[in-house]
Structure formats: structure tokens, C-alpha cells
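J.: Please build the complex by placing chains X, S and Y on the supplied structure of chain W, with the hints as guidance.
Chains as they are written, first to last, in the numbering used here: chain W, 143 to 282; chain X, 143 to 282; chain S, 143 to 282; chain Y, 143 to 282.
What the hints contain is simulated information worked out from the structure, not anything from laboratory work. Don't take each hint at face value.
Any copy will do: because identical chains look the same in the list, a pair fits if it lies in one copy or spans two.
[What the hints assert, rightly or not] As a list, the in silico DMTMM-like pairs of lysine to aspartate or glutamate whose alpha-carbon atoms are at most 20 Å apart: (1) Lys238 - Glu268; (2) Lys225 - Glu203; (3) Lys238 - Glu267; (4) Lys225 - Asp205; (5) Lys238 - Glu273; (6) Lys238 - Glu215; (7) Lys225 - Glu240; (8) Lys225 - Glu267.
Protein chains: 4
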Amino acid sequence: MARHLYSCPLRWSDMDAYGHVNNAVFLRYLEEARIDFINGLAPQAEAEGSFAGGSVVARHEIDYLRPLIHRPEPVTIEMWVAKIGAASMTVHYEVKDEEHVYVRAATVVVPFDLAAGHPRRVSREERTILERYREEAVAA
Amino acid sequence: MARHLYSCPLRWSDMDAYGHVNNAVFLRYLEEARIDFINGLAPQAEAEGSFAGGSVVARHEIDYLRPLIHRPEPVTIEMWVAKIGAASMTVHYEVKDEEHVYVRAATVVVPFDLAAGHPRRVSREERTILERYREEAVAA
Amino acid sequence: MARHLYSCPLRWSDMDAYGHVNNAVFLRYLEEARIDFINGLAPQAEAEGSFAGGSVVARHEIDYLRPLIHRPEPVTIEMWVAKIGAASMTVHYEVKDEEHVYVRAATVVVPFDLAAGHPRRVSREERTILERYREEAVAA
Amino acid sequence: MARHLYSCPLRWSDMDAYGHVNNAVFLRYLEEARIDFINGLAPQAEAEGSFAGGSVVARHEIDYLRPLIHRPEPVTIEMWVAKIGAASMTVHYEVKDEEHVYVRAATVVVPFDLAAGHPRRVSREERTILERYREEAVAA
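This is chain W alone, in the form it adopts within the complex (with noise of 0.2 Å):
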């Protein structure tokens, strides 16, 4: 029942004419975040059948709360498993900081197994692991 945290730090480029961060480079926060978070998984990163040795992302839902402006200070991505498929895991953000919630997300994640070039099982080593991390769905 733990969650993820991931401290974030902005680009100024991040802001577009608008002058607060894009919409798509919300995107790259919760690849960074997922990429800390899945590498974290397995501390030995290049473990055949780990996540971290490959994965694709099928679907995100992302939801805009409340627009950010550029700041030294990072955001926090607080991550968890919303659900564990055969060949999926799904998982849920919050990109915020103490004050307010700027974006909540879902991403459909698919292993990937890079050497044969397919999406592949979920392993039951990941699957007790993601446990660990996986709370009630919330819509994203």
C-alpha cells in the first residue's frame, strides 16, 4: 500500500507561448517518473523479465487540474498500481505540490520483451512486487 514518489524538476522550455508548462510535456514528467519508479522495481535493471527490461505504453488518460508555471522548485509525481493485468499494468499520478494538484493520469504500461520484439506476460516475480504498490482504482 505504498506509493511512489517522484520529485520532478521543471525545464523553463517546459512553458509554451501561454507561458505556463504544455500539456504534452506533462507526458515526459510521468515517462520520468515511471522510468524511476519501474527501474526501481528491480535494482538489478537489466533482469531478463523485469519491466525495466522493456516496456511500451498502450494508453494515458490525463486530466488537466490546474495549469503550472516554470519554478526552481520540482513537483512531486505520487505513482501507484491501479491494476495488474496478464499483460498490463495500469498505473495512477498526481503531479503536485504541497499546495495543489496540477494533473491526475492513468497509463496502460505492456511489457515488452525487446529481444524477441513482442509485448509479453506479466511475470508472477513483477506481479508480487507491483502488489506492494497497488491501491483502489481512482478515476484518472
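T.: Quick look at chains X, S and Y alone, frame taken from chain W:
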């Protein structure tokens, strides 16, 4: 009952280290298609009370059906209006070429009064124009 | 004594919070022009011993003459070869439209043997082709 | 005779299809270092007549010494002032870690009066502060 077609050029740098267009970059493609669509709605682009006068993204849903690799030919983005709300519209898209659909997506766009700094309702004129691009919603 | 012309589409998100195309984005434009140029040199693009088989950037010099604001019309990138070395070529560019020059730049490109993992010399065939695009160097 | 040090986090998506940080992305890194440097010059960041009040890039020179691959550890950007002109300053940088220098670069920055919409001269106060970071120029 028309669909808006946008011819979207790729850039080599849209690809990530996996050698295909990164998932976040597709939101840039959708943004380009949306701007082209919205500008076309109001040839008098600065007209007060038009989407072209300002709008923000409230939500995306995006499904990645197959990887896209950089090539000189653009992809086509087909776009239509799935829903017209009191203070938002939902557009659907397909990113495709003659052979494949790469991405299906939906975006909730909120018209925004930039001068006043807050969202505003969809005007009657906008509604009339948007109806021409309206189709039964397909699950994105 | 020919110049290569590349018609370079802009994206709205190329602009930063100052409301003009960000200085880093121009390197993306130059990259697109260079890829287009190099692919055109070797219609048989995978041909061994051609720049199209792989190359890396060793150096850029870039002068920003006036700000560029997003518009639907592409900019033109004029490109020519300023120098052909033993193991590099230097290309010069102007990013412009009919009214203005926005950027002048120069790039040193090193042909790279991707299979072997190291730079290589410019071949005699490449030199012959590149000579057609050669001009007296103008200070970039 | 001090150098400004900036710890620059990488993003996975900074890599291109060659699997190393794309040459254009280094200009983003330099931008982050520059903003950090300039903000540090004027703790009262909005102060009229400070670089923090606005500046534009007039020129970059950048040499790519070795490829950089994404890793969780940031790179260090060392930065100093090579020249202080009447209406510009030239900063030099090295992008490095404990083992290697990846990039050497130089940027000409022009202080810009955003309200008035034109470049302005370097003030006496700025000159005094910048002198602390001044070093004999090294060819970039």
C-alpha cells in the same frame, strides 16, 4: 458531417531511443491538428468569442495502436467533433496513413477568454459551426 | 554551385514563454534540413560509405538575427557546403523567408561508420557530390 | 574568479534514435544553467536593470566532444564569463561529470528591456557582479 484532415509532418527528433515516435510527441501532433482546425473555423482568427481567441486542454485520452517510425511523408490526422458541451467541446482524432491507424485520441477543449483570464461558454455561432464536424462519439 | 533548399514547417510548441521560436529549436530545424540534404545526396540511402549511412554533429555556430514567431507558412532553409575536410564537412545555412533572414549557422558534420562505431573519412564519391554544393565560406 | 556550477538533470527523452542525448538538447541544458546563473546574480530577480529582467541569445558556439547517454545522475555545467561588452556578455560552459567533458560552448547574451521591447546596455551594477565570474576566454 465533415471530418477535418490535417497533414502532419514528422521530425526525425520526434523519435526516442527506442527508434519510434515518442508517446508524448503525439500530443504535439494533435495540438497542430487542433490549431489548424480551430483557425479554419474562424477565418477572422482574432474574432472575439471564437475558439481561435484562446482555448485550453482539459483532458486527453490517447490509445497507441502501433509504433510510428520517422519517414519523410507526413501522417494524416482525421479530426471530428464528438460532443459540444455548454463550456467545452470534445474532439476525436485518428493519426493514420493509407495503411494503418497509429493512434486514436480524444481531447476536451475549453474555450478561454484570455483577456478576462477565465473559461467561457461556447457561443451560439461556434455551436453552429462545430455541428458541421459533429459525429456520433466513438470510444477513444 | 547549387544551394539546397528545405521548406521547414514550424510547430506552435516551438515557441517558448517569450512567444517566439526558442533558440534550441532552430537546431532541430537545421537537423531536418541536413537529413533532407543528406538523403538527397544518396538516393540509395543505405548505401555503404555514404553520409546517409550515419553521421554525427561535431560543432555548431549559430547567430540569431531576429525573432521568429509561429505562423502556418514554413520557413526556407538554404544550405550549402563551405568546406570538405578529410573526415568532415562544414555546411552553412540561412533560415529565412522572402522578407527576412532569421538565423545564420554552420555545422561541422563527421561521417560515422555506425557498424564499426567510429568516425570515418569522406569518400571520393561523397567528395564529388559535395563539390556541387560548395561555395566560398561566408563567416557564420 | 569564481565559476558557477549547475547540476543538470537529464530526461530519458533527451535521447534521440541514436540512443544518446540529441545535439539540440544541450542548448536546453545551457539555457537551464544560464537561467540559474542569472537568477543568482540578482536575488531580487525582478529588479529593473538586471539580466534577470530579460535577455536574449544572440549567438551560440558549441563543440560536441563525446556522446552522452541518459543516466539518473545529473551532469555538471560549469559556467563563467569570458567577455563583458557594452551591450552583451559572453559566457562559456563545460558540460561534464567527474570523468569526462561532453560539450564546450559559448553564448553571447544580450540584456533586453522587455517593457521597452529592445536590447539595452549592460549596467554598471551588472558589470561589477559579472566581473566576479570573469576568466580569460578559452576558445570554445
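J.: For each hint, tell me whether it holds in the structure or not.
T.: Taking the hints in turn, this is what the structure says about them:
Taking CA atoms no more than 20 Å apart as the test, Lys238 paired with Glu268 passes in neither setting, with 28 Å inside one copy and 34 Å between copies. Taking CA atoms no more than 20 Å apart as the test, Lys225 paired with Glu203 passes in both settings, with 14 Å inside one copy and 18 Å between copies. In this assembly of identical chains, the alpha carbons of Lys238 and Glu267 never lie at most 20 Å apart, being 31 Å within a copy and 37 Å across copies at closest. Taking identical chains as interchangeable, the C-alpha atoms of Lys225 and Asp205 lie at most 20 Å apart whether they share a chain (19 Å) or sit on different chains (17 Å).
Taking identical chains as interchangeable, the C-alpha atoms of Lys238 and Glu273 are never at most 20 Å apart, the minima being 24 Å within one chain and 37 Å between chains. In this homomeric assembly, Lys238 and Glu215 come within 20 Å of each other (Cα to Cα) only inside a single copy, at 12 Å, whereas the closest approach across copies is 23 Å. Taking the shortest Cα distances, Lys225 and Glu240 never come within 20 Å of each other, neither inside one copy (27 Å) nor across copies (35 Å). In the homo-oligomer, the alpha carbons of Lys225 and Glu267 lie at most 20 Å apart inside one protomer (16 Å), although the nearest pairing across protomers, at 44 Å, exceeds that limit.
Checked against the numbered hints given earlier, the structure breaks hints 1, 3, 5 and 7 and satisfies all the rest.
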